[in-house]
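Let the hints inform the model, and build the full structure from the sequences given.
Protein chains: 2
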Amino acid sequence: MSFRIPRRGGLSVSASLLRKPALQPQISRTFFTSSNTSAKAVRYSTITRNALVASIGISAAGGLGWSMRPETQLCDNGKLSPEESDAIQKRENGVTESSPMRLRMEAMIRQKQKEIVEALEKIDGEKFIVDAWARESGGGGVSCVLQDGNVFEKAGVNISIVYGTLPPAAVQSMRAHHKSFDPNDDKVNFFAAGLSMVLHPKNPMAPTVHLNYRYFETMNEDGSTKSWWFGGGTDLTPSYLFDEDAIHFHRTLKEACDRHDPEYYPRFKKWCDDYFYVKHRHESRGIGGIFFDDLEDKDPEQLLSFVTDCLGSFIPGYLPILEKRKDLPFTQDEKNWQQLRRGRYVEFNLVHDRGTKFGLNTPHARIESILMSLPLTARWQYMHEPEKGTREHRMVDVLKNPREWVQTSA
Amino acid sequence: MSFRIPRRGGLSVSASLLRKPALQPQISRTFFTSSNTSAKAVRYSTITRNALVASIGISAAGGLGWSMRPETQLCDNGKLSPEESDAIQKRENGVTESSPMRLRMEAMIRQKQKEIVEALEKIDGEKFIVDAWARESGGGGVSCVLQDGNVFEKAGVNISIVYGTLPPAAVQSMRAHHKSFDPNDDKVNFFAAGLSMVLHPKNPMAPTVHLNYRYFETMNEDGSTKSWWFGGGTDLTPSYLFDEDAIHFHRTLKEACDRHDPEYYPRFKKWCDDYFYVKHRHESRGIGGIFFDDLEDKDPEQLLSFVTDCLGSFIPGYLPILEKRKDLPFTQDEKNWQQLRRGRYVEFNLVHDRGTKFGLNTPHARIESILMSLPLTARWQYMHEPEKGTREHRMVDVLKNPREWVQTSA
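Listed in order, the protein sequences are those of chains A and B. Just so you know, numbering that gives the first Met the number 0 puts 24 at position 25 of the first sequence, and the rest follows in order with no gaps. Just so you know, numbering that gives the first Met the number 0 puts 106 at position 107 of the second sequence, and the rest follows in order with no gaps.
Note that these hints are calculated values from the structure, not bench results. One or more hints might be untrue.
So, partial list: chain A residues that the calculated Cβ filter (under 8 Å) puts toward chain B [what the hints assert, rightly or not]:
#: 1; residue: Q88
#: 2; residue: F241
#: 3; residue: L349
#: 4; residue: P374
As the structure is a computational prediction, the values presented were derived from the model and not from experiment. Beta carbons are placed, not taken as given, at the ideal position from N, Cα and C, and that holds for glycine.
Right, here's the structure in full:
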C-alpha cells in the first residue's frame, strides 16, 4: 500500500482535523500499523456525514436511505457523544472482545481491508492508492484504489465508519423492520461501519467480483446499543462462464454460511439473485453469490463471526479463480464482449442499485468513493446479440436463468 | 441508408403485421420514398405501446411518465379509432396543410429524419442501419443507427409515433399543466410523435450533440383534438471547448427561436441549463442549447412551424462545427479525456434523465432504442481532476458555470 500525496488543487490536509485526537489513534493502531502514518503523506478531506453513509452504501445500502441532520460532538446534555467515548475507549484500552460491537466491527473491517489490499497487491504487482478521509466531527473512511494495474483494470476496497443522528422519517421507516425501535424517540443516535469492494480484472476470462459487509446500530445517550443489524453479500460477474469457477465461488460462500446456519446459503443465494436483477435487460448482473440485510436473527457475537467468516471467504473463494484466468489468451472480440458486459454492470449500478442511487442523491457525498464501483472502461453497442451456440450466448442464457451451482439440502 | 436483414435469433418479421395496411403506406409515402421497401429487407418487431412511448422519451419525456392500458383498434362504440381513421386519411388523401396536426407532425419528423440521416451519411461515408419497428395494433418507429463509422463513434436518429389511452393517474397529473383536460374523463385517447437524436463523434475535438422534438395530444372519440403541446430541445456536449463553436451553435438556435418569439431563446436556454445539470457532479452535462416542454402558448400552426425551424437549424448549427473538428489531430490523453466525459454523459442519462429513467422502468420497452443515446465507449477514472490552466480544466469550469454565448436583449 502506498500513500498518496495531496495534489495541487485537490483535496488538502486540514490542520484542525489532524489536531483532533479522535481519528488518529484508531488509524495508526489498527489499519496503518505497518505503514507510514506521516500526516503529510495521508490524503485527508473534510466531508459530511452524508458522504460517509453514502460511501458505505456502495451497493445495497438498504436501510441507509435517509438524510441526516447536523450533529455536535457533545450530546445536548453536555455528556460525551458515543463517538467521543468510543474514541477514548479505543485510545485507552484498544479493541478487545469486551469492547462494544461498533469498535469490534470497525477493527475487523480495517483488518480485512488491510489483508485484502495486501493480497491484491501481491497478485497485481502494483500498489493501491490510499485516500484516508475524515470529516470535521470525527469518523472517516479509507478508500484504496488500484487503477490500470497489471491484473486489475480497476480495483477498489473502501471502508467507512459513521456516527450520526437519524431524522424522524428514517426512524419511522426502520421501525417496520426493527421492533426494538422506541416509537417515542424523535432523535436516534446511530453508527454504521462497512467494507465495500469491487474488482474489475483486465482479462475478459477473469470475473468481476463485488462484496459489501456492514453493521448498523442505534444507541442510547450513554452509548449502549439499542437496535442493531448486519447486512452484506459477495457476488461474481463473469464475462465468460467457467462452470468450475462458479461452483468453487458458490461452494466457498456456502461453506462459510453453513458454519453458521444451514438455511443461510439457500436463503441468501436467492436474495442475491433477486437483488442483482437488471429489470430492463431481463437478466442478472452476474452469477450471484449471497446477499442479506437487516440480519438480527442471532446473537450479535454470532453474526459478527458470520460476517467475519464471509469476508474471510473472499480470498479463498476468488483468488484461485483469478490466478487461473488472469493470464489466459483472449481475442479482441472477447475483450469487446467484456466491455459490453461492463456496460451492463454500469447500467445496474447507476439505474438499479439502491446504495449507489442513494449516494448520488445525497448532497456533498464523496462521489469518487461511490463510483469507484464503475469499471475503468465500458461499451454500448446497438443491438448486439450473441450468436446461438457461442460462449457469449451461454453466458447470457445463465444470466437470464440463474442456476443452482451447489447442492443444498434445503 | 441501408436496410438491415433480420438476423437468425433476432427480431423477426411478423406476417400479420405486414398484412396490416395502417403502417405500410405511411412508411412508403413519406420516409422510405427513395429506398427499397421490400418487406423482407425491413426489420420489424412486435412491440407494445409502452415501448413506443419509451423510445420517444429518449431524453426528457416530461409528461410521458405513465403506464398505459391495453387498447383495441376499434373504439368501444364500434367506431374507428383515431389511429385507424388517421391511417385511412393518409392513404386516401396524403398529408396536406389541412390534415390533423398528428399527421403533419408525423410527416415532418419522417422528412427531417430522412434529411438528417442523409446529411450524416454524407459526412461519415458509412451507412446507417435502419430498424423499422411496429406493434400489433399499428403505429411504430424507425431507429437509424450508425456505429463505429469514419466520423461517428455512434450516431442514432429515431422517430416514433404512438396512439394509446391514458390511465386516470396520468390524466390527473397532466391536468395540472393543461386546463383543457376534462375532469370527468376517465379514459383519454392520446397521440405522441417525436424525433430523438444523439451523435457521438470519434474525434475528441468534435462535440456530442443531442436533440429531441415531440408533439403530444389528447383526442375526442371522433379523433378531433382536445389538448395538445410541443416539447423538445437541442444541446451540445463538447469534450474540448472552442468558444467559436459554442457561439455558432447557440446563435443558430437563437435565430431559430427569434423568428418565432424573442423571449423563447433566453427562456429555453435557461431551461436547458437547468434540465441537463448533473447534480451529483455539480456540473452541466454540456454547454446547453435550448429545452422546453408543455409548449402551447401559441397557435398550434405557429408552434409546428417553430419546432420545424428548430429541427431545421440542426444541420446549419452543428455540421459546420463537425466539419471543422472531425479531422483535427489529437493525443491519446485527449482521447482519454473524451472517454471520461463520455462517462459523465452516461451518468446523466442513466441517473438523471427523466425520459431514459421512464423508458427503462417501462415493461417491454425497446431498450436498444432508449439506450442508443449512450456512447459506444466510456471511461471512469478514480479521482481524475484536470490541472489548472489546461483546456480540460477550462471545460469543467464552463460546465460548472454555464455561460451566455450570445447576447440577448431580454
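Hint by hint, here is what the structure shows:
At about 34 Å, the closest approach between the beta carbon of Q88/A and any beta carbon in chain B exceeds 8 Å, and the interface hint on this residue is violated. Interface hint at F241/A: violated, since its Cβ lies 24 Å from the closest Cβ of chain B, which is beyond the 8 Å cut-off. Here the hint on L349/A is kept, as its CB sits about 4 Å from the closest CB of chain B, short of 8 Å. Hint on P374/A holds. Least Cβ distance to chain B is approximately 7 Å, under the 8 Å limit.
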